[in-house]
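Keeping the supplied structure of chain A fixed, place chains B, C, D and E upon it in accordance with the hints.
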Amino acid sequence: MFVCTVVGQVWSTQKDATLEGLRLLVVRPYTRGGDASAETMVAVDPIGAGTGERVLVVTGRAARHAIGRGQDIGFQTAIVGIVDGMELENGERVGQVAAMDRPGAS
Amino acid sequence: MFVCTVVGQVWSTQKDATLEGLRLLVVRPYTRGGDASAETMVAVDPIGAGTGERVLVVTGRAARHAIGRGQDIGFQTAIVGIVDGMELENGERVGQVAAMDRPGAS
Amino acid sequence: MFVCTVVGQVWSTQKDATLEGLRLLVVRPYTRGGDASAETMVAVDPIGAGTGERVLVVTGRAARHAIGRGQDIGFQTAIVGIVDGMELENGERVGQVAAMDRPGAS
Amino acid sequence: MFVCTVVGQVWSTQKDATLEGLRLLVVRPYTRGGDASAETMVAVDPIGAGTGERVLVVTGRAARHAIGRGQDIGFQTAIVGIVDGMELENGERVGQVAAMDRPGAS
Amino acid sequence: MFVCTVVGQVWSTQKDATLEGLRLLVVRPYTRGGDASAETMVAVDPIGAGTGERVLVVTGRAARHAIGRGQDIGFQTAIVGIVDGMELENGERVGQVAAMDRPGAS
Chain A
1 MFVCTVVGQV
11 WSTQKDATLE
21 GLRLLVVRPY
31 TRGGDASAET
41 MVAVDPIGAG
51 TGERVLVVTG
61 RAARHAIGRG
71 QDIGFQTAIV
81 GIVDGMELEN
91 GERVGQVAAM
101 DRPGAS
Chain B
107 MFVCTVVGQV
117 WSTQKDATLE
127 GLRLLVVRPY
137 TRGGDASAET
147 MVAVDPIGAG
157 TGERVLVVTG
167 RAARHAIGRG
177 QDIGFQTAIV
187 GIVDGMELEN
197 GERVGQVAAM
207 DRPGAS
Chain C
213 MFVCTVVGQV
223 WSTQKDATLE
233 GLRLLVVRPY
243 TRGGDASAET
253 MVAVDPIGAG
263 TGERVLVVTG
273 RAARHAIGRG
283 QDIGFQTAIV
293 GIVDGMELEN
303 GERVGQVAAM
313 DRPGAS
Chain D
319 MFVCTVVGQV
329 WSTQKDATLE
339 GLRLLVVRPY
349 TRGGDASAET
359 MVAVDPIGAG
369 TGERVLVVTG
379 RAARHAIGRG
389 QDIGFQTAIV
399 GIVDGMELEN
409 GERVGQVAAM
419 DRPGAS
Chain E
425 MFVCTVVGQV
435 WSTQKDATLE
445 GLRLLVVRPY
455 TRGGDASAET
465 MVAVDPIGAG
475 TGERVLVVTG
485 RAARHAIGRG
495 QDIGFQTAIV
505 GIVDGMELEN
515 GERVGQVAAM
525 DRPGAS
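Chains as they are written, first to last, in my numbering: chain A, 1 to 106; chain B, 107 to 212; chain C, 213 to 318; chain D, 319 to 424; chain E, 425 to 530.
Isolated chain A (complex conformation) (with noise of 0.2 Å):
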């Protein structure tokens, strides 16, 4: 699991059928300082996340899981969460760090 930045959006009309109607959303991995990774992955998106969020990215299994459409489909990643905050060990903080008190958060 990663950390990601949406950085944009796909569009395909000729597609596996198993992809209709899901969006697909461009990330790029976290990595130390913010310095963002030249990498790009494609996640299914089925949260609504928007552009310059920080996302929780899986692939695989827990992917098709995410989806909601079986093991049987033409897809291997996705976004499970939005990040509310995040804070590292040199002080970065990113987002509201405070939800870590919000109940249900974790």
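Among the hints, erroneous ones may be present.
Claimed, not checked - Okay, the calculated beta carbon distance ranges per label pair:
| id | chain 1 | residue 1 | chain 2 | residue 2 | range |
| --- | --- | --- | --- | --- | --- |
| 1 | B | Gly197 | A | Arg93 | 25 to 31 Å |
| 2 | A | Gly48 | C | Glu304 | 44 to 50 Å |
| 3 | A | Gly48 | E | Ala462 | 37 to 43 Å |
| 4 | E | Gly515 | A | Gly21 | 52 to 58 Å |
| 5 | E | Ala462 | B | Gly127 | 27 to 33 Å |
| 6 | C | Glu301 | A | Glu92 | 32 to 38 Å |
| 7 | A | Arg93 | B | Arg138 | 32 to 38 Å |
| 8 | D | Gly386 | C | Gly264 | 44 to 50 Å |
| 9 | B | Asn196 | D | Gly366 | 34 to 40 Å |
To be verified - To be clear about the criterion: a stretch of chain E counts as covered by chain D if any three or more of its residues have a C-beta under 8 Å from a C-beta of chain D, and this derived list gives those stretches:
| id | region |
| --- | --- |
| 10 | 438-452 |
| 11 | 506-515 |
I should point out that these hints are in silico values taken from the structure, not numbers from a laboratory.
Bear in mind the structure is a predicted one, so any value in this text is a computation, not a measurement.
Ideal placement from N, C-alpha and C gives every residue a C-beta, glycine not left out.
Same frame as chain A, now just chains B, C, D and E:
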């Protein structure tokens, strides 16, 4: 799942029997700013993508699903969509972003 | 499996239901000579590791096992151990290498 | 799946019993412009590839299928084809691209 | 599967119960020309490899097979063989390449 660009084709006569009749394309993952990675993969193409086209590429179980020959095959990478358009936070646009408004595109 | 260092924590309220109540730590893989990688991952922590501790991190099925919520969950990375000590050929020693002689340690 | 070049061979006497009698080749992934990666993998070769040949390499379930000893084996990488020819957008051609027109090649 | 060099050992007392009694080695993937990667992994060693030895390392299902504790374990990387010899196209030879002629070696 990755956005890749089709950069070539591969032919093989002496191969695992489960690969007979499949089209094998060489693809290169999209990286930030279009600065193409040096890495390449080979993906089975059940859709009919052409050289230079942007495509959606999956691996593992999702790829076996897309190929439609069951799970017991000697293959693990497949093209599952052709990208109509991609819009990135840095203003970069690829292809027809108007595809966003087309019915059935997602 | 990787030795990683815990470098922070992430909070998310809006997330896949199977992630409720899990502690999400940001970890960074150990690289040669302690020259920390820029790459980070997010791992569920069922053990209670603290920032700065060295931990053992797994992904995929092994991670789902460690979390103990079955295989049908939106998660793929977990901490499975806290490193007592590590001894490397270059003479580098981390933590209590004497842990080597402790019963139950392996 | 990757196009790799066979760069050597490995021998092991003390090994998992499921590896007995398998040919273990060292392969290196093809990267853009033929600038060979420093990374290497070891792949079981059920086909009989020679040093310097370009081959198709898979990992995971696809590799276990190709080896033909069931899913319960201590192995995860295999050669599934020998590349006859490869044609890239930059005009680079490897091997017999005329193989494209050969019956049975795909 | 990778050729790796054993570069150290890790000890952990507080760990997933399925890891009890397993030997945990730090290994580093072999890269071209012996220019060792900075990346390291931790592999369970059911064979008894020593520091400085070249070994064959697998991950995922193959690793769980090699460990022999079933598929439901908190582990994903294992050593499946000790390398007797390796011969590369650049003339590089490691260990006893004569092992090639030894019965049972492959």
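Check: Looking at the structure, which of the earlier hints fail to hold?
Finding: 5, 7, 9, 10
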